[in-house]
Structure formats: structure tokens, C-alpha cells
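A.B. asks: With the hints as extra help, turn the sequences into a complete structure.
Next come the chains, spelled out residue by residue.
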Amino acid sequence: MVDMSVKDLSESAAVAEPAKPKITARKTCVFYGEKQALFDVDVDIPGNGITAFIGPSGCGKSTFLRCINRMNDTIAIARVTGEIKVDGVDVYDRALDVVELRARVGMVFQKPNPFPKSIFDNIAYGPRIHGLVKTKAEAEEIVVKSLQRAGLFEEVKDRLAEPGTGLSGGQQQRLCIARAIATSPEVLLMDEPCSALDPIATARIEELMDELRQNLTIIIVTHSMQQAARVSQRTAFFHLGRLIEEGPTTGIFTNPKNQRTQDYITGRYG
Amino acid sequence: MPDKGPHSHIVTSFEDELAGLDQMVARMGGMAELQLARAFDALERRDPDLAEAAIRTDKAIDALEREIEDACISLIARRQPMALDLRQIMTAMRIASDLERIGDLAKNIAKRALAVSGENHPKTLMLGLRHMVELVQRELKEVLDAYASRNAARAIEIWRRDDEIDAMYNSLFRELLTYMMEDPRNIGLCTHLLFGAKNIERIGDHATNIAETVHFLVKGVKLGEDRPKGDTTSTTRFTPDEV
Numbered sequence: 005m006v007d008m009s010v011k012d013l014s015e016s017a018a019v020a021e022p023a024k025p026k027i028t029a030r031k032t033c034v035f036y037g038e039k040q041a042l043f044d045v046d047v048d049i050p051g052n053g054i055t056a057f058i059g060p061s062g063c064g065k066s067t068f069l070r071c072i073n074r075m076n077d078t079i080a081i082a083r084v085t086g087e088i089k090v091d092g093v094d095v096y097d098r099a100l101d102v103v104e105l106r107a108r109v110g111m112v113f114q115k116p117n118p119f120p121k122s123i124f125d126n127i128a129y130g131p132r133i134h135g136l137v138k139t140k141a142e143a144e145e146i147v148v149k150s151l152q153r154a155g156l157f158e159e160v161k162d163r164l165a166e167p168g169t170g171l172s173g174g175q176q177q178r179l180c181i182a183r184a185i186a187t188s189p190e191v192l193l194m195d196e197p198c199s200a201l202d203p204i205a206t207a208r209i210e211e212l213m214d215e216l217r218q219n220l221t222i223i224i225v226t227h228s229m230q231q232a233a234r235v236s237q238r239t240a241f242f243h244l245g246r247l248i249e250e251g252p253t254t255g256i257f258t259n260p261k262n263q264r265t266q267d268y269i270t271g272r273y274g
Numbered sequence: 013m014p015d016k017g018p019h020s021h022i023v024t025s026f027e028d029e030l031a032g033l034d035q036m037v038a039r040m041g042g043m044a045e046l047q048l049a050r051a052f053d054a055l056e057r058r059d060p061d062l063a064e065a066a067i068r069t070d071k072a073i074d075a076l077e078r079e080i081e082d083a084c085i086s087l088i089a090r091r092q093p094m095a096l097d098l099r100q101i102m103t104a105m106r107i108a109s110d111l112e113r114i115g116d117l118a119k120n121i122a123k124r125a126l127a128v129s130g131e132n133h134p135k136t137l138m139l140g141l142r143h144m145v146e147l148v149q150r151e152l153k154e155v156l157d158a159y160a161s162r163n164a165a166r167a168i169e170i171w172r173r174d175d176e177i178d179a180m181y182n183s184l185f186r187e188l189l190t191y192m193m194e195d196p197r198n199i200g201l202c203t204h205l206l207f208g209a210k211n212i213e214r215i216g217d218h219a220t221n222i223a224e225t226v227h228f229l230v231k232g233v234k235l236g237e238d239r240p241k242g243d244t245t246s247t248t249r250f251t252p253d254e255v
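Those protein sequence lines, which keep their order, are chains Z and E.
Taking the working numbering, the leading residue of the first sequence gets 5, the next gets one more, and so forth.
Taking the working numbering, the leading residue of the second sequence gets 13, the next gets one more, and so forth.
Simulated from the structure, these hints should not be mistaken for laboratory data.
Where is the CB? At the ideal position from N, CA and C, for every residue including glycine.
Among the hints, erroneous ones may be present.
Think about it this way: if two alpha-carbon atoms lie no more than 30 Å apart in a straight line, the pair counts; the simulated DSSO-like pairs of lysine-lysine are [to be verified]:
1. 89(Z) <-> 39(Z)
2. 261(Z) <-> 135(E)
3. 210(E) <-> 261(Z)
4. 153(E) <-> 135(E)
5. 210(E) <-> 234(E)
6. 24(Z) <-> 121(Z)
Label pairs and their calculated CB-CB ranges [said to hold, decoys possible]:
7. 97(Z) <-> 90(E): 29 to 39 Å
8. 42(E) <-> 251(Z): 48 to 58 Å
9. 254(Z) <-> 28(E): 25 to 35 Å
10. 19(E) <-> 230(Z): 19 to 29 Å
11. 244(Z) <-> 17(E): 46 to 56 Å
12. 204(Z) <-> 82(E): 48 to 58 Å
13. 75(E) <-> 36(Z): 55 to 65 Å
14. 19(E) <-> 93(Z): 39 to 49 Å
15. 255(Z) <-> 68(E): 24 to 34 Å
16. 82(E) <-> 80(Z): 37 to 47 Å
17. 28(E) <-> 244(Z): 21 to 31 Å
18. 254(Z) <-> 23(E): 19 to 29 Å
C.D. replies: In C-alpha cells, the structure reads:
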């Protein structure tokens with residue numbers, strides 16, 4: 005009996021191994037003016053799952069996250085070198101439509117930032133500008149579906165016309181997630197999505213992430229190591245602009261290979 | 013702020029609590045060593061007072077195990093330890109549990125010392141037992157040192173060496189059988205000594221458990237291969253021709 009189960013486990017692990025990465029980065033560097041913020045990041049991020057980026061403030065984790073949907077383009081002095089591919093397509097290709105990229109690679113920020121519009125319009129906005137919906141009925145369908153996936157529908161279904169800014173912090177953040185997933189992205193970037201939320205609202209977001217990861221690639225930047233350990237399947241540790249260690253989350257938090265990783269996650273002087 | 017090493021915790025009280033845990037395990041190890049020494053001396057010298065003292069030590073060892081367990085639970089709940097810290101806490105609990113078992117086995121030896129305190133021990137038999145207990149005592153001391161100094165290489169060495177003790181136990185087993193067959197009046201004493209020897213051999217096994225735990229603590233991976241097992245007495249036959 006025991007032998008059988010051991011064999012089964014090793015077989016399933018062997019089958020799961022050769023998945024093609026969703027996102028690949030090679031020698032990715034970021035400069036803010038003269039100052040280099042990110043140094044030669046090489047990483048493969050698998051599809052459908054959660055990868056957590058951890059590291060002290062200023063370590064480059066948010067900078068790297070913002071490369072993936074070219075949010076660094078909005079900073080005039082930022083310059084990115086190296087290569088980042090999503091599904092094998094170079095994100096920094098000049099011919100690439102950035103607006104289309106951001107519909108496929110959505111983003112949620114630290115502070116909930118709903119548009120000063122109704123709950124309904126917050127979600128319908130993206131699909132409308134991307135031409136995904138033509139009629140009011142189609143928009144309604146997407147709004148309801150997105151709110152349901154974000155676990156917010158039951159709480160707001162009777163007040164879809166009210167402003168999104170009137171919701172609580174946790175609800176606003178779930179509204180932003182609903183808005184981000186309304187365009188059916190394949191990747192969702194989350195930059196400290198829970199740091200402004202209380203533990204219950206945080207738990208709701210984490211539960212939501214766990215459901216979404218079934219058919220979405222999520223990358224989360226978090227200062228909470230416990231959160232990274234709870235939600236992610238893989239974890240990457242950044243330090244002074246370099247990717248120090250990346251691997252299965254359980255391994256990183258029980259037996260990290262690098263001394264700097266160990267020092268950081270155990271709260272020691274590095 | 014006190015002067016700290018390059019890899020010490022930023023939060024001093026966490027560092028102190030982990031150090032305190034180490035000290036408790038070290039203290040418990042020392043108590044188990046003392047209890048084993050007393051129990052065996054009591055058996056060898058047929059000294060009932062010493063046997064009673066060894067039996068009493070067991071209560072203190074049990075109490076210390078509970079104290080270590082409470083400290084570990086509290087650390088996990090309050091500090092959410094990761095990596096090496098998490099392993100240190102888990103291993104402290106496991107080592108404490110092995111030491112508690114060692115205490116129980118030593119207590120059992122002490123009880124047998126009480127049971128045979130009136131009888132005359134054949135000298136050669138006691139020499140064999142003495143040799144065996146010294147091997148186990150050395151093993152226990154070294155493994156506790158390996159824990160204190162976080163020395164995985166030492167731990168593996170100790171772990172591999174346990175078959176020496178198993179071999180001694182096998183030869184003692186045969187010797188005791190021979191005595192019993194020579195004269196049925198030896199059976200009572202020899203049975204007690206046989207169980208005593210078995211207890212000593214089991215203490216060796218717990219010491220090797222601790223060696224495995226120390227290896228896991230330092231390296232973060234479990235020792236994969238099976239340790240060579242040398243105790244063959246469970247399949248030894250009881251016919252006069254073969255003993």
C-alpha cells in the first residue's frame with residue numbers, strides 16, 4: 005500500500021515538470037536615469053499559479069513586476085534592457101500594442117483605486133474601451149460575472165449604480181480585482197494588494213486569489229512573508245536589485261539555499 | 013542595543029527565546045545522561061538508594077519535556093518562525109521526546125536494579141554490560157555535543173556507529189542464554205539483565221534518532237538511507253547446540 009502511493013506521487017511529479025513558462029525574463033535590467041535599480045534578472049514563471057516576490061524595500065521586486073506590463077513606461081527616466089516575454093512574445097517589441105498588453109496583463113495596486121464612477125461602470129469600462137462588449141446586455145453579463153469571480157457580487161448586487169468609492173477598503177480592492185479580470189487577462193500583477201486591508205479583508209483577497217489561480221497566472225509583491233508563504237506556490241527573493249533565489253514556496257520557507265534569503269525570511273541581520 | 017553577530021535576529025527577544033530553548037534541551041540531555049549513569053551504577057553495585065534516586069530523576073525529565081513543548085508551541089504561535097528557526101523549534105521538540113524516552117528506559121534499568129539488588133552478579137556478565145553502557149553513554153554525549161555545536165558531520169558519524177552497540181547486545185544476549193542454560197537458578201537474574209541490556213540498546217537507538225534530527229536541523233534534509241540494523245536477537249534460536 006505504502007509503496008503504491010509513493011510511486012504514484014513520484015509519477016505525477018514527473019508528469020507535472022515540463023510545463024512551458026508563462027513569463028520568461030532574461031538579463032532584465034532597469035535604470036532610473038543613471039541609477040541601476042534591477043540587475044540581470046533571469047527567471048521563468050509558470051502559468052496558472054501564484055508566484056510571490058519578496059524582499060526588503062528598494063530591492064527591485066516592484067520594479068521588476070512593473071516591467072511585465074510595461075508600467076515603467078509611465079516613468080520618464082526609466083529604461084529597461086534585456087528581455088521579457090509573455091507566452092513567448094517580447095513585451096518590449098516596438099510593434100506591440102501596450103494597451104492590448106495591459107488588457108492581457110492586468111494589475112492591482114497597493115491602495116484600492118476605483119474610478120470615480122458607479123460600481124457597474126468601474127468594471128464595464130475596460131471591456132468597453134477594448135471593444136469586448138457592444139450591447140448593454142453584454143456589459144451586464146461581464147459585470148456580473150466579474151463581480152462573482154471576485155466574490156463581491158452578493159454584497160453589491162443591489163447598488164451597482166452607486167459610486168465604487170463608497171465601498172469599504174476591502175470591497176474596493178475586490179472591485180479593483182473584478183475590474184482587472186473583466187478583460188479576461190491571462191496574467192494578474194498584484195503590488196502589495198493587502199497592505200491597506202485588515203486581516204479579514206486580507207483573508208477574503210487570499211481566498212479569491214486561490215480560486216483565480218486555477219486559470220490565471222498571478223504574481224504578487226508582498227512585504228508579508230507569511231502572506232507569501234500562505235498564498236504562493238513559488239517564491240522569488242530579491243535583494244539590492246538582484247534576484248537571489250527562486251523556487252517552490254515550501255522550500256524557500258523551510259530550507260532556503262542562500263544565506264541572504266535565510267537571513268531575510270527569519271528576520272536576521274543580513 | 014547589544015552587540016550582535018552578523019546573522020543574529022533583529023528582534024533580540026526572539027534570539028533570546030531560541031537560545032533559551034537550546035539551553036533547556038542541553039539541560040534535559042545532561043539530566044538523561046546523569047539518570048542513565050545512576051541507573052547503571054545502581055545495577056552494577058546493587059545499590060537500592062541510587063536506584064531510587066535514578067527513578068526520581070525521571071519526573072524532572074518529564075517536566076522539562078513538557079516545558080520545552082510549551083515553549084515551542086508558544087514560539088510557533090507568536091513568532092511564525094521560518095526556515096532554520098522553524099527547524100530549530102521542531103527539532104527541539106523531537107529531541108526532547110527522544111530524551112524523555114531515554115529517561116523512561118533508564119528508569120526501567122533502575123527498577124531492575126531494585127529487583128536484583130539482593131543477588132550475586134557474575135563478574136564477566138557485568139563487564140559486558142558495563143562495556144555496552146559505556147558505548148551508549150559515549151554515543152549520547154557525542155550526539156548532544158553535535159546538537160550543541162550544530163555539527164551534521166559528527167551526527168552522521170554517530171548515526172553510522174550504532175551497529176557496534178547492536179553487535180555487543182547480540183553477544184551479551186548469547187552469553188546470558190548460556191548462563192541460564194548452565195544453571196536454571198540464574199534465570200531470574202539473567203532475565204533482568206537481559207531486559208536491562210535491551211533497554212541500553214534502545215537508548216542507543218534514541219541517540220541515533222537524535223543524530224538524524226541534528227542532521228535535519230543543520231542541513232534541512234532528512235537522512236535518506238536506512239541505518240544498518242545489527243540487532244538480530246529477535247530471530248535467534250533458543251537451542252543449546254546453537255548458543
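A.B. asks: For each hint, tell me whether it holds in the structure or not.
C.D. replies: Hint check results:
| no. | hint | verdict |
| --- | --- | --- |
| 1 | 89(Z) <-> 39(Z) | holds (24 Å) |
| 2 | 261(Z) <-> 135(E) | violated (55 Å) |
| 3 | 210(E) <-> 261(Z) | violated (41 Å) |
| 4 | 153(E) <-> 135(E) | holds (26 Å) |
| 5 | 210(E) <-> 234(E) | holds (27 Å) |
| 6 | 24(Z) <-> 121(Z) | violated (40 Å) |
| 7 | 97(Z) <-> 90(E): 29 to 39 Å | violated (50 Å) |
| 8 | 42(E) <-> 251(Z): 48 to 58 Å | violated (39 Å) |
| 9 | 254(Z) <-> 28(E): 25 to 35 Å | holds (28 Å) |
| 10 | 19(E) <-> 230(Z): 19 to 29 Å | holds (21 Å) |
| 11 | 244(Z) <-> 17(E): 46 to 56 Å | violated (21 Å) |
| 12 | 204(Z) <-> 82(E): 48 to 58 Å | violated (29 Å) |
| 13 | 75(E) <-> 36(Z): 55 to 65 Å | holds (60 Å) |
| 14 | 19(E) <-> 93(Z): 39 to 49 Å | holds (43 Å) |
| 15 | 255(Z) <-> 68(E): 24 to 34 Å | violated (46 Å) |
| 16 | 82(E) <-> 80(Z): 37 to 47 Å | violated (58 Å) |
| 17 | 28(E) <-> 244(Z): 21 to 31 Å | holds (29 Å) |
| 18 | 254(Z) <-> 23(E): 19 to 29 Å | holds (24 Å) |
Violation of the numbered hints given earlier is confined to hints 2, 3, 6, 7, 8, 11, 12, 15, 16; the remaining hints are satisfied by the structure.
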